[in-house]
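Novice: For chain A, the structure is supplied; the task is to place chain B on it using the hints.
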Amino acid sequence: MVETKEGYKKTLFGKIVENKPIRTGSKNYIITIKITSQIFTQPGHFFLLYPENLSMTKKEAEGRLISYPPSTLLGRPLSLAGILQKDKKTYLTFIYKITGVGTALISEKKPEDPIRLAGPLGKICFSPPNDNLKRLFIVAGGVGAPPLFYLANEYAKKGRSLEKLYIFLGASTANEIPIPQEIKAEQEYIRSLYSFLEDSRTRLLISTDDGTYGVKGLITDLFEEHLKKELSLSSGEDILICSCGPKAMLAKVVKASERFNLPVKVSMEERMACGVGICQGCAIQTSEGRFKLCCNDGPVFSGDEIDWEC
Amino acid sequence: MQIDLTVNLSGQILKSPLIAVSGTAGYGPELTQILDIKKLGAITTKTITERPRGGNKPPRIAEVAGGLINSIGLANIGIDQFIEKKYPLICKLGVPVIVNIAGESIEEYCRIAEKLNSLDKIFAVELNISCPNISSGGIEFGKDPKIVEDLTASVKKITVGKKLIVKLTPNVTDITEIAAAAVQAGADILSLINTLYGMAIDIWKQRPIISRGFGGVSGPAIKPIAIYNVWRVYTSICRDRRIPIIGIGGIFTWQDAIEMMLAGATAVGIGTGIFSNHLIAEQITEGIRSYCKSCRIDRISSLTGIASSFQ
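Residue numbers (this note's numbering), protein chains in the order written: chain A, -2 to 307; chain B, 13 to 323.
Keep in mind that the hints were calculated from the coordinates and are not lab data. For every residue, glycine included, the Cβ atom is placed at its ideal position computed from N, Cα and C. Incorrect hints may have been included.
As the list claims (entries may be wrong) - Some chain B residues judged to face chain A by a derived CB distance under 8 Å, without partners named: (1) ASN20; (2) GLY38; (3) GLU42; (4) LEU43; (5) GLN45; (6) GLY66; (7) ALA87; (8) GLN323.
Said to hold, decoys possible - So these bits of chain B aren't anywhere near chain A, every CB distance computed over 10 Å: (9) LYS127; (10) GLU152; (11) THR188; (12) ILE318.
What the hints assert, rightly or not - Distance ranges between label pairs, derived from CB positions: (13) B/GLN14 - A/ASN127: 39 to 47 Å; (14) A/PRO125 - B/GLY198: 52 to 60 Å; (15) B/ASN129 - A/ARG287: 29 to 37 Å; (16) B/SER302 - A/ARG287: 41 to 49 Å; (17) B/LYS97 - A/GLU227: 41 to 49 Å; (18) A/LYS17 - B/GLY90: 43 to 51 Å; (19) A/GLY97 - B/PHE226: 16 to 24 Å; (20) B/PHE322 - A/LEU62: 20 to 28 Å.
Bound-form chain A, shown alone (with noise of 0.2 Å):
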């Protein structure tokens, strides 16, 4: 765990750099955010981030400090999508689709304002590239690509024994696609997130509903497509399977991976307060009919460990 604040450990104050639609016209947004410590992450890593207009808290009226509640009150949780840590500081970003009053806020924020934000929370992450892994799934719906795109890094910077890693992304349009139209023109801190792009194993699959980019149907179909094809070279021992996403399509991938006895790791979401299993809010019902947290038995679970019927 990270010392951040003497004694507290979760808090950080950072500025964003930038903050801005991923592609002309999307809903969903990058956000890098600079803080001047550093801080050790993992995929599956998440922050909580306030909406709250933190330039506001040190006005005064007639000599008197004015302090009130934040407009919205919780943070938002955000898995990490990638960090660079460059000259003592630290570039963490984001991808968010804006889906109500919180999210509507923080795609507000201008690079320099300042931003409150608590983690990395989360305690169990993907596992770091293992040297008998040889073929990597990743399936990605939509905003869910994030931690997985921080996965696809890992693997392709130190998945030794890696020969091939698949990247199933799906979305509702070509507009919402979390990959910039022109990777190149992007800052280091942004670029850097999508490096695994130019790793010659990688494998890239895009399906949208509505078929204005790739493969129109669901990304599901794309992938059991492919990993059917994957099964009849050889056995599927040095399989991993990796996603986010929407529930549904997460059930999809998990039932396909069980049917082919393969091991698949999810990341998952859920309604949040604390972030670090104190007010039990983000329960999700096992497949043994009980409860886990999504923050502190999570986010990543076991396809197996979840209850994908309720």
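Specialist: Chain B only, in chain A's frame:
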């Protein structure tokens, strides 16, 4: 100027009026992950029941304008595991701890309270008779003055060497009736308010956001209601009988904490504010200090109830 932040909670001296309230502090030790607990006067555990409870189906929480609706359903490990696994860690916290308990019958409350008697580091037992999120027990006890009196008296008889706190619900016609019943039966301290019933509907799915449909509302939205209830209970029951109140509901800033004390609270609970801002205890403490300086008040406890008689 030295500011004395201590408050006297029925004989127990707390070094700060700030108390982490039940449900927002885990069993205690978890809170140290995010908050400097040395800034708190006391910590209240989540509700402990006789047997372990898994809690309600997710989704369990929904944020609304100015508030949070929760329906956790008293998820907890049960009193035996609490004593075995959590109590040893609680002993190392260095902050006074209150254990909040709930049962489905008076006997069950008593059995839990009896088990707490041997835990020296626990200074008070808080009766949760106000949880809106379970189908039997909880709030049903807190709505009927007769039951509140019986329950409080029964637990009081069994409890040895600990203060007895009764936590009241605002979801009643007249909170002073319930407060009077609890005090009459021997409550040493009252804490109020618990959450208010609330509901939020996802208009696109056309169903409630929370799986159980409704839950308890907390946060800044309920602060005026909390201030009002504390003021009422203070002026009609607690002031004359010298029963301290832990004022709870929507405390997010130091101004809120001061306001709560002026209404009649001896100590101030922080709950949802902890989730919103992990630096809340430190920021409120600093704010209280500078307020006292500018008002030339050297003891925070002298604020209690100042605004209660305004006519």
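Novice: With reference to the structure, classify each hint as holding or not holding.
Specialist: Hints, verified against the model:
no., hint, verdict
1, ASN20, "violated (27 Å)"
2, GLY38, "holds (4 Å)"
3, GLU42, "holds (5 Å)"
4, LEU43, "holds (7 Å)"
5, GLN45, "holds (5 Å)"
6, GLY66, "holds (5 Å)"
7, ALA87, "holds (5 Å)"
8, GLN323, "violated (26 Å)"
9, LYS127, "holds (22 Å)"
10, GLU152, "holds (22 Å)"
11, THR188, "holds (28 Å)"
12, ILE318, "holds (18 Å)"
13, B/GLN14 - A/ASN127: 39 to 47 Å, "violated (59 Å)"
14, A/PRO125 - B/GLY198: 52 to 60 Å, "holds (58 Å)"
15, B/ASN129 - A/ARG287: 29 to 37 Å, "holds (31 Å)"
16, B/SER302 - A/ARG287: 41 to 49 Å, "holds (48 Å)"
17, B/LYS97 - A/GLU227: 41 to 49 Å, "holds (45 Å)"
18, A/LYS17 - B/GLY90: 43 to 51 Å, "holds (50 Å)"
19, A/GLY97 - B/PHE226: 16 to 24 Å, "holds (20 Å)"
20, B/PHE322 - A/LEU62: 20 to 28 Å, "holds (25 Å)"
Taken one by one, the earlier hints fail for this structure at numbers 1, 8, 13, listed in ascending order.
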